[in-house]
Amino acid sequence: MELWFEEHNTDDAYFALRVKKQLFSQKSDFQQIDIYDTYEFGLVLVMDGAIMLTEKDEFIYHEMIVHVAMAVHPDVKKVLLIGGGDGGALRELCLYPGIEQIDMVEIDPLVIDVSRKYLPKVASAFSDPRLNLIFADGLRYVRHLKGSYDLMIIDSTDPFGPGESLFTREFYGNCSKGLREGGILINQHESPYYKNDAQEAHSIFKKTNQIFSTAKVYQAHIPTYPSGHWLFGFMSDSLDPIADHDPARWERFNIKTRYYNSDLHKGAFLLPTYVRELLAEGRLIDE
Amino acid sequence: MNKKDAFDSKKLDQNKAPLLQALTEYRKMRMVSFDVPGHKQGRGNEELTHFLGKDCLSVDVNSMKMLDNLIHPTSVILEAEQLAADAFGADKCFFMVNGTTSAVQAMIMSTCLPGDKIIMPRNVHRSAVNALVLTRALPVYVNPSLDLELGIPLGMRVADVRQAIEENPDAKAVLLNNPTYYGVCPHIREIVQLAHEAGMRVLADEAHGTHFYFSDDLPVSAMEAGADMAAVSLHKTGGSLTQSSLLLLGPKMREEAGYVHQIINLTQTTSASYLLLSSLDITRRNLALRGKETYRRVIDYADYARCEINELEGYYAFGRERCDGDAFYAFDSCKLPVHTRAMGLSGFEVYDILRDDYNIQVEFGDMGNFLAILSVGDRPVAIERLIAALGDINTRFASLPEGMLVNEYIEPILAMAPTEAFYADYVRLPLEECKGRISTESIMCYPPGIPILAPGELVTDEVLSYIRQAKEHGSQMTGTEDPTVEQLCVVK
Chain A
1 MELWFEEHNT DDAYFALRVK KQLFSQKSDF QQIDIYDTYE FGLVLVMDGA IMLTEKDEFI
61 YHEMIVHVAM AVHPDVKKVL LIGGGDGGAL RELCLYPGIE QIDMVEIDPL VIDVSRKYLP
121 KVASAFSDPR LNLIFADGLR YVRHLKGSYD LMIIDSTDPF GPGESLFTRE FYGNCSKGLR
181 EGGILINQHE SPYYKNDAQE AHSIFKKTNQ IFSTAKVYQA HIPTYPSGHW LFGFMSDSLD
241 PIADHDPARW ERFNIKTRYY NSDLHKGAFL LPTYVRELLA EGRLIDE
Chain B
1 MNKKDAFDSK KLDQNKAPLL QALTEYRKMR MVSFDVPGHK QGRGNEELTH FLGKDCLSVD
61 VNSMKMLDNL IHPTSVILEA EQLAADAFGA DKCFFMVNGT TSAVQAMIMS TCLPGDKIIM
121 PRNVHRSAVN ALVLTRALPV YVNPSLDLEL GIPLGMRVAD VRQAIEENPD AKAVLLNNPT
181 YYGVCPHIRE IVQLAHEAGM RVLADEAHGT HFYFSDDLPV SAMEAGADMA AVSLHKTGGS
241 LTQSSLLLLG PKMREEAGYV HQIINLTQTT SASYLLLSSL DITRRNLALR GKETYRRVID
301 YADYARCEIN ELEGYYAFGR ERCDGDAFYA FDSCKLPVHT RAMGLSGFEV YDILRDDYNI
361 QVEFGDMGNF LAILSVGDRP VAIERLIAAL GDINTRFASL PEGMLVNEYI EPILAMAPTE
421 AFYADYVRLP LEECKGRIST ESIMCYPPGI PILAPGELVT DEVLSYIRQA KEHGSQMTGT
481 EDPTVEQLCV VK
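Residue numbers (the numbering used here), protein chains in the order written: chain A, 1 to 287; chain B, 1 to 492.
Derived from the structure by calculation, the hints contain no laboratory data.
As the structure is a computational prediction, the values presented were derived from the model and not from experiment.
Warning: the hint list may mix true and false statements.
[Said to hold, decoys possible] Covered, in the sense of this in silico footprint (three residues per stretch, anywhere, with C-beta under 8 Å from a C-beta of chain B), are these stretches of chain A:
id : stretch
1  : 23-36
2  : 129-140
[Claimed, not checked] Keeping only pairs whose Cα atoms sit at most 30 Å apart, straight-line, the calculated DSS-like set for lysine-lysine is:
id : chain 1 : residue 1 : chain 2 : residue 2
3  : A       : Lys195    : B       : Lys54
4  : A       : Lys266    : A       : Lys77
5  : A       : Lys117    : A       : Lys266
6  : A       : Lys121    : A       : Lys256
7  : B       : Lys16     : B       : Lys236
8  : B       : Lys292    : A       : Lys27
[Said to hold, decoys possible] Distance windows between CB atoms, simulated:
id : chain 1 : residue 1 : chain 2 : residue 2 : range
9  : A       : Asn196    : B       : Lys492    : 25 to 35 Å
10 : A       : Lys21     : B       : Leu78     : 55 to 65 Å
11 : A       : Pro74     : B       : Thr478    : 49 to 59 Å
12 : A       : Ser28     : B       : Thr242    : 48 to 58 Å
13 : A       : Gly228    : B       : Val32     : 49 to 59 Å
14 : A       : Gly182    : B       : Arg396    : 46 to 56 Å
Where a beta carbon is used, it is the ideal one built from N, C-alpha and C, also for glycine.
Between the sequences and the hints, there should be enough to build the whole structure, so can you do that?
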């Protein structure tokens, strides 16, 4: 007998992994959480049927959601991480000695428990003394903020579940109020390819572009995410990801990465024409 | 009898849903239809079936023996209506499929004959004003009294109702809102007592009061307070399909129930929709069985939102603290009215910004407030979004508080009976040229649909300046023959 996990990207296309064994399955107050041991990608964390990470390729997403901003902002001291309960983004942040405080707001405690138990290499930084873990609704948390963070990272699930409110105008607006001058907001920006994801990517860009004077999109290749082509957003009112990129300073941190590097930093912001059209005009690939 | 006793006094088995059961059986029979509707369980309209769903179309059927007939119910509809009467503590219930508008009209038309007087607050819904036109009845308007700080009309003061009754002992009824759009309830028990002592009926427009029947923590319902008739929009806060509604009768109306039914049948469709009827039956069962816990949750959401919104700058989400024992006798905690003028924005403006920039649709905005309605379908994430959006709007748009706009009660000057004015020969003139003329039509902001000017009323400077200001602040005006509401029809 063969056991396969399928993630449906659309009604007519899916991505499948052959499974050795299902290790965990439970519905939390917010979502269905599953862990599969797969032949090709090792352990896979799945939430509401969507792959969140795999042991094999998680480094790409987590490096890209953290290091780009860290190579632009000259002096990040206080970070807000919303979502990211698996611990991957936290692990990357903790590589920077200059960061003094990381407030992590996760709505679902079970994600952290599961990740710490099954994915210790991802969830490796939960005992870092700079971490301040808060179990709360992200939107509710940000509306109390006033100019206190240098960096905010929105490491959320898709906008079709408990992450819904983290893709709204009211969320970005309150985030902008919570950044210090010169602060940066990074979010996972969905995929430009399949229709539902692409429409969402356009909608995120439209909203953030109205709120921040700089809203730029960069990309990475993540094999286990729908279409493999994934976007991130870089938002700031004073820093530009290219003009203010300081590779020499970042190299001095001497952080060992496997996807991100200072050359790729610039290239990641060079988008295919169809993605530019999608972001600017909402035009889908088959229109 | 206190509220709790009334609550637990149901005599029938509320687990039953006779209409639901009959329609489910009908579906199983796979009946061959050579009757109307012509789509024949959806087969004749593929696009519509695809859009609404096969299950939905399969019960969009005509009245027939096993499904009873709303015109003359004798089996499952009658039984469903009896269960609803029981659930709402009424003596008799009619299912209504022409909206609560038709229920309000049935109350007035079965109470007033041509020339009869009816006492009502000026902030009634347009359906009541239209019913006056239909019956040739004459309104005796009572100043609904105002909260000057918030700029909202309240309920009627007991003393004002007493005075209206004393001055018009020949009036047939007192009509009241329980609650108003803003969630304000008058002292209904006291008004019922006054009216009954004077031999008048009490008719309650409970378009926004469905939930009062299913909670110990909300204002008293009209039936419990002893009102004679109540129009209840089950669809507004109860969860049934839009346009479905109930007309409830109290025990004093027992002898009149047949007459009321004849009045309803004057205007109600003879092809009552079973989608609407079944939604009434299913919703009644749901509320009877689970309404209490559901509305407890809704009240908690609304109270939480009030608390959080009041911590933001520039807003005042008002509630029970405004109760004054008279015109603001009780407050419906499921409503979330928010005063916005302290940050220099009108309620219309906040209403528009919420929709255009945040994809959040609230019920309506006026000069100084907007209203969010919470009901059976709400969830925490939506509440959080509303609060966060309001915070963001304040950050983006707040300016110095503007002076309060005209919110004084505009005493209507009834220069002609509404019916006479409505049917009179008329001319259409630009609004500004209408001063001193008698209007033949209504003008209102919609929602809430409360007329600023009604047929038979004199057009005054005050009315014109209110209309001008409401337009300037972005209110959607309706009611006139002229779709742009630049011109008004006045008596020739």
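Hint-by-hint comparison with the structure:
no. : hint                            : in the structure
1   : 23-36                           : violated (count 0)
2   : 129-140                         : holds (count 3)
3   : A:Lys195 - B:Lys54              : holds (27 Å)
4   : A:Lys266 - A:Lys77              : holds (24 Å)
5   : A:Lys117 - A:Lys266             : violated (37 Å)
6   : A:Lys121 - A:Lys256             : holds (15 Å)
7   : B:Lys16 - B:Lys236              : holds (23 Å)
8   : B:Lys292 - A:Lys27              : holds (28 Å)
9   : A:Asn196 - B:Lys492: 25 to 35 Å : violated (59 Å)
10  : A:Lys21 - B:Leu78: 55 to 65 Å   : holds (60 Å)
11  : A:Pro74 - B:Thr478: 49 to 59 Å  : holds (57 Å)
12  : A:Ser28 - B:Thr242: 48 to 58 Å  : violated (35 Å)
13  : A:Gly228 - B:Val32: 49 to 59 Å  : holds (53 Å)
14  : A:Gly182 - B:Arg396: 46 to 56 Å : violated (21 Å)
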